[in-house]
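J.: If you want the building blocks of each chain, they are given just below.
Number of protein chains: 2
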Amino acid sequence: MIKNYLMTPGPTPIPEDILLSMAKPIIHHRTKDFKNMFAETISLSKKVFQTTNDIVLFSSSGTGAMEASVSNILDAKDSAIFINAGKFGERWGQIIKAFDANPIEIKYEYGDYAKPDDIKKELDKNPNIKAVFMQASETSTGVYHPIDEIGKMIKENYPEVIFVVDGITAIGAIDVKTDDFGIDIMITGSQKALMLPPGLSLLSVSEKAKKTIKNNKNRRYYFDILGELNADAGHFTPAITIIEGLNLSLKRILNEGLENVFKRHALLALSVQEAAKAINLELFAKRPANSLTAIKSPNNINSGDIINLMKSYGVSVSNGQGSMKGKIIRIAHLGYFDKPDMLMTISALEMALKKLDANSNFSGGIKKAMEILS
Amino acid sequence: MIKNYLMTPGPTPIPEDILLSMAKPIIHHRTKDFKNMFAETISLSKKVFQTTNDIVLFSSSGTGAMEASVSNILDAKDSAIFINAGKFGERWGQIIKAFDANPIEIKYEYGDYAKPDDIKKELDKNPNIKAVFMQASETSTGVYHPIDEIGKMIKENYPEVIFVVDGITAIGAIDVKTDDFGIDIMITGSQKALMLPPGLSLLSVSEKAKKTIKNNKNRRYYFDILGELNADAGHFTPAITIIEGLNLSLKRILNEGLENVFKRHALLALSVQEAAKAINLELFAKRPANSLTAIKSPNNINSGDIINLMKSYGVSVSNGQGSMKGKIIRIAHLGYFDKPDMLMTISALEMALKKLDANSNFSGGIKKAMEILS
Chain A
1 MIKNYLMTPG PTPIPEDILL SMAKPIIHHR TKDFKNMFAE TISLSKKVFQ TTNDIVLFSS
61 SGTGAMEASV SNILDAKDSA IFINAGKFGE RWGQIIKAFD ANPIEIKYEY GDYAKPDDIK
121 KELDKNPNIK AVFMQASETS TGVYHPIDEI GKMIKENYPE VIFVVDGITA IGAIDVKTDD
181 FGIDIMITGS QKALMLPPGL SLLSVSEKAK KTIKNNKNRR YYFDILGELN ADAGHFTPAI
241 TIIEGLNLSL KRILNEGLEN VFKRHALLAL SVQEAAKAIN LELFAKRPAN SLTAIKSPNN
301 INSGDIINLM KSYGVSVSNG QGSMKGKIIR IAHLGYFDKP DMLMTISALE MALKKLDANS
361 NFSGGIKKAM EILS
Chain B
1001 MIKNYLMTPG PTPIPEDILL SMAKPIIHHR TKDFKNMFAE TISLSKKVFQ TTNDIVLFSS
1061 SGTGAMEASV SNILDAKDSA IFINAGKFGE RWGQIIKAFD ANPIEIKYEY GDYAKPDDIK
1121 KELDKNPNIK AVFMQASETS TGVYHPIDEI GKMIKENYPE VIFVVDGITA IGAIDVKTDD
1181 FGIDIMITGS QKALMLPPGL SLLSVSEKAK KTIKNNKNRR YYFDILGELN ADAGHFTPAI
1241 TIIEGLNLSL KRILNEGLEN VFKRHALLAL SVQEAAKAIN LELFAKRPAN SLTAIKSPNN
1301 INSGDIINLM KSYGVSVSNG QGSMKGKIIR IAHLGYFDKP DMLMTISALE MALKKLDANS
1361 NFSGGIKKAM EILS
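Residue numbers (the working numbering), protein chains in the order written: chain A, 1 to 374; chain B, 1001 to 1374.
A few of these clues could be false.
As the list claims (entries may be wrong) - Derived, one-sided and incomplete: chain A residues facing chain B with beta-carbon distance under 7 Å:
#, residue
1, I42
2, Q50
3, Y336
Said to hold, decoys possible - With a straight-line cut-off of 25 Å between C-alpha atoms, the simulated DMTMM-like cross-links for lysine to aspartate or glutamate are:
#, chain 1, residue 1, chain 2, residue 2
4, A, K77, B, D1224
5, B, K1325, A, D33
6, A, K327, B, D1078
7, B, K1210, A, E207
8, A, K121, A, D54
9, B, K1130, A, E16
10, B, K1311, A, E16
11, B, K1024, A, E16
12, A, K325, A, E90
13, B, K1217, A, D100
14, A, K77, B, D1075
15, A, K3, B, D1224
16, B, K1217, A, E105
17, B, K1024, A, D338
18, B, K1024, A, D232
19, B, K1077, B, E1090
20, B, K1327, A, D78
21, A, K263, A, D180
22, B, K1211, A, D33
23, A, K339, A, E259
24, B, K1325, A, D232
25, B, K1003, A, D33
26, B, K1077, A, D75
27, A, K214, B, D1341
28, A, K24, B, D1075
29, A, K217, B, D1341
30, A, K210, A, D100
31, B, K1277, B, D1224
32, A, K46, A, D180
Think of the hints as simulated: they come from the structure by calculation, not from any bench.
Note that beta-carbon positions come from the ideal geometry of N, C-alpha and C, so glycine has one too.
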């Protein structure tokens, strides 16, 4: 008998009460009951986003909300900076190009993080830049970018520039303060720290961004932000069941307390990071996120071999993506995760490394983790 | 105690086994298990679409797949015909415009259906027309358009024209033969006859359409048909749970047998249509679909009053949309519906009409329905 432990950075495990609540008979979305629940859900999500801005929901993966932020903010030929420090940063460039705007890339080696000064230089060079697009945490590398400093720098020096942040593996896991950080558009998806199935994305939009959107004529229909804001509980048939799950998951997060949720994520992240170091492994991220930990595979071992061995104990972690494939493993701790999840994962990692003769300090990792978590 | 009976044309009731299957712990989409299930699901969906063409899935409402068919087929300034015979026909025009193409409207009074000759005239007038966009059944009026005749006319006379059909309330309910009818792109959504929650759309694409798409540079990213076809089980994180539900629902449909499914829908539709006539009500659709029945409200009674009274017995049916609001009621029989559903709905309708002194032939409708269904 092997149980399945999903330790991947999306999809992440879904609490049992939420799974069962989504198994209730479906209700119609043009009813008072649904509209009330929808309005409550939006209001709860603002608390988790730490914003007073409007929030819209799209029935799509997180990439849909990324596209919405591009096609609603940028007109054809508009210039925008995007930070490419991983697969999801790269995606910004693809979307900006697809909508005939002009992407200005600031590229970092994978594992590295964005520096405010690099962005400032580019903004000074080109006064026509309309927006900056970046990730909060780059899911492909485990990096957390200093979006607080970058937001402050933009707000103080370039008040016209729209700051767009993909917080898909940050919202609900890391203390990202949408309004305090000066983020005009903040994005997340359902299948990460919100502990839901994939299929729903959320996007907050500032008044400043709304003004820009009103004057923007780029081609869009399904991902029309103002159309969605003006609709009564969904312009098109919304993902009813996932929204019902979202209502519950937001209540779970707020009942635990935002601060406690962030502390829990920080503690779990620390246990994995320190355990890795204790068994002579290197972290891949120069500035690790609290939502997932990317670890370099040691001694030229293909990380796929480690992952397969861990899987033989039932523990699923993720490989690297693109050029990072085979070189790193990524362990999630965003969403519905607790201390035993980390203990079990670290132990499975150590057992895999032993089988591969990785010359790690066997049992040093789990010892360290137990110290941190007790 | 009042139970809830959802008799609306989307969302529709979800079978209990499918609801529970979607409440299982989530699995990762980049695994062999998921990929195998995904491939099987695509292959099953081809049978239900009656096509050998490729099928792609989008995590979106049906409107997302409608947008995909426009942004992938039409370049800016391309001309295309769309049939406007209701709210969803109108939507084609909005999407074509949003993607900077040139919509040529063929408009019918609501309740009326499209005539092949009208389309032929327009195609003869303008040899540059690249595509024809229409509904199979127009959900807002209950009309079933003669897509078989229209498809034949296009195939025989204008072999270059791409024929796009929104089958959102047809696939799995009405015998629409995608390939035989010459339909290049056929679209459906999850929350109709496929008996699933909203959040997933399906789109079949012919080789002819693929050639057009390859040469088309309109702006798109999330709804990129070829990108989705080339991806291994979803370009972006797919709506994993709904796809698992889809696998089950397609098996349910194919186990019942496509022909039996269509016969069941035809019989249920007939019972509602004939019951309505037996109590002196008029059908709104000049060519009624087997997926839903739209009935005119009698004697200047606001249809909302009928709907509210039916709701007091727990039976939810739909009002008209836009200019049809207050004038019609729409009763669904697409998907997870059987004879008792119809009996109960017709009875609730009769009880509501009696309370409103509608001078209907009280109990004549249910009598007729019982005759037809026994």
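J.: Could you run down the list of hints and mark each one as holding or not?
T.: Here is what the structure says about each hint:
At about 18 Å, the closest approach between the beta carbon of I42 of chain A and any beta carbon in chain B exceeds 7 Å, and the interface hint on this residue is violated. Nearest Cβ of chain B to the Cβ of Q50 of chain A: about 25 Å, over the 7 Å cut. The hint is violated. Annotation: interface hint on Y336 of chain A violated; nearest CB of chain B at approximately 11 Å, more than 7 Å. Our distance criterion of 25 Å between C-alpha atoms is met by K77 of chain A and D1224 of chain B, whose separation comes to about 21 Å.
Under the criterion of a C-alpha separation no larger than 25 Å, the hint pairing K1325 of chain B with D33 of chain A is consistent with the structure, at around 20 Å. At roughly 47 Å between alpha-carbon atoms, K327 of chain A and D1078 of chain B are farther apart than 25 Å, so this suggested pair is violated. Taking the CA atoms of K1210 of chain B and E207 of chain A, the gap is about 41 Å. The hint is violated against a cut of 25 Å. Distance check on the hinted pair: K121 of chain A and D54 of chain A sit about 31 Å apart at the alpha-carbon level, beyond 25 Å; violated.
The straight-line distance between the Cα atoms of K1130 of chain B and E16 of chain A is roughly 50 Å, outside the 25 Å bound, and the hint therefore fails. For the suggested pair K1311 of chain B and E16 of chain A, the alpha carbons sit about 32 Å apart, so the restraint of at most 25 Å is broken. At most 25 Å may separate the alpha-carbon atoms for a hinted pair to count; K1024 of chain B and E16 of chain A meet this at roughly 9 Å. Under the criterion of a C-alpha separation no larger than 25 Å, the hint pairing K325 of chain A with E90 of chain A is consistent with the structure, at around 16 Å.
A C-alpha spacing of about 10 Å is found between K1217 of chain B and D100 of chain A, which places the hinted pair at or below 25 Å, so the restraint holds. Pair hint K77 of chain A plus D1075 of chain B holds up; C-alpha atoms about 18 Å apart against a cutoff of 25 Å. Annotation: proposed proximity of K3 of chain A to D1224 of chain B is violated, straight-line Cα distance about 37 Å (limit 25 Å). In summary, the hint linking K1217 of chain B to E105 of chain A is supported, as the alpha carbons are separated by about 22 Å, within the 25 Å threshold.
For the proposed pair K1024 of chain B and D338 of chain A, the alpha carbon gap of about 20 Å is at most 25 Å, so the pair holds. Of the pairs offered as hints, the one joining K1024 of chain B and D232 of chain A is violated, with about 31 Å between alpha carbons and a cut-off of 25 Å exceeded. Our distance criterion of 25 Å between C-alpha atoms is met by K1077 of chain B and E1090 of chain B, whose separation comes to about 19 Å. The suggested pairing of K1327 of chain B with D78 of chain A is violated, with an alpha-carbon distance near 47 Å, which exceeds 25 Å.
Distance check on the hinted pair: K263 of chain A and D180 of chain A sit about 19 Å apart at the alpha-carbon level, within 25 Å; holds. With a CA separation close to 46 Å, the supplied pair K1211 of chain B and D33 of chain A exceeds the 25 Å bound. Distance check on the hinted pair: K339 of chain A and E259 of chain A sit about 17 Å apart at the alpha-carbon level, within 25 Å; holds. Taken as a hint, the K1325 of chain B and D232 of chain A pair is honoured in the structure, with Cα atoms around 16 Å apart against an allowance of 25 Å.
Of the pairs offered as hints, the one joining K1003 of chain B and D33 of chain A holds, with about 15 Å between alpha carbons and a cut-off of 25 Å not exceeded. Proximity of K1077 of chain B to D75 of chain A is assessed by CA-CA distance (about 18 Å); at most 25 Å being required, the pair is judged to hold. With a CA separation close to 47 Å, the supplied pair K214 of chain A and D1341 of chain B exceeds the 25 Å bound. For the proposed pair K24 of chain A and D1075 of chain B, the alpha carbon gap of about 43 Å is over 25 Å, so the pair is violated.
With a CA separation close to 47 Å, the supplied pair K217 of chain A and D1341 of chain B exceeds the 25 Å bound. Proposed proximity of K210 of chain A and D100 of chain A is supported: the alpha carbons are some 21 Å apart, at most 25 Å. Proposed proximity of K1277 of chain B and D1224 of chain B is contradicted: the alpha carbons are some 46 Å apart, above 25 Å. A hinted pair counts as satisfied when its Cα atoms are at most 25 Å apart, and K46 of chain A with D180 of chain A qualifies at roughly 13 Å.
When the structure is compared with the earlier hints, violations turn up for hints 1, 2, 3, 6, 7, 8, 9, 10, 15, 18, 20, 22, 27, 28, 29 and 31 and for no others.
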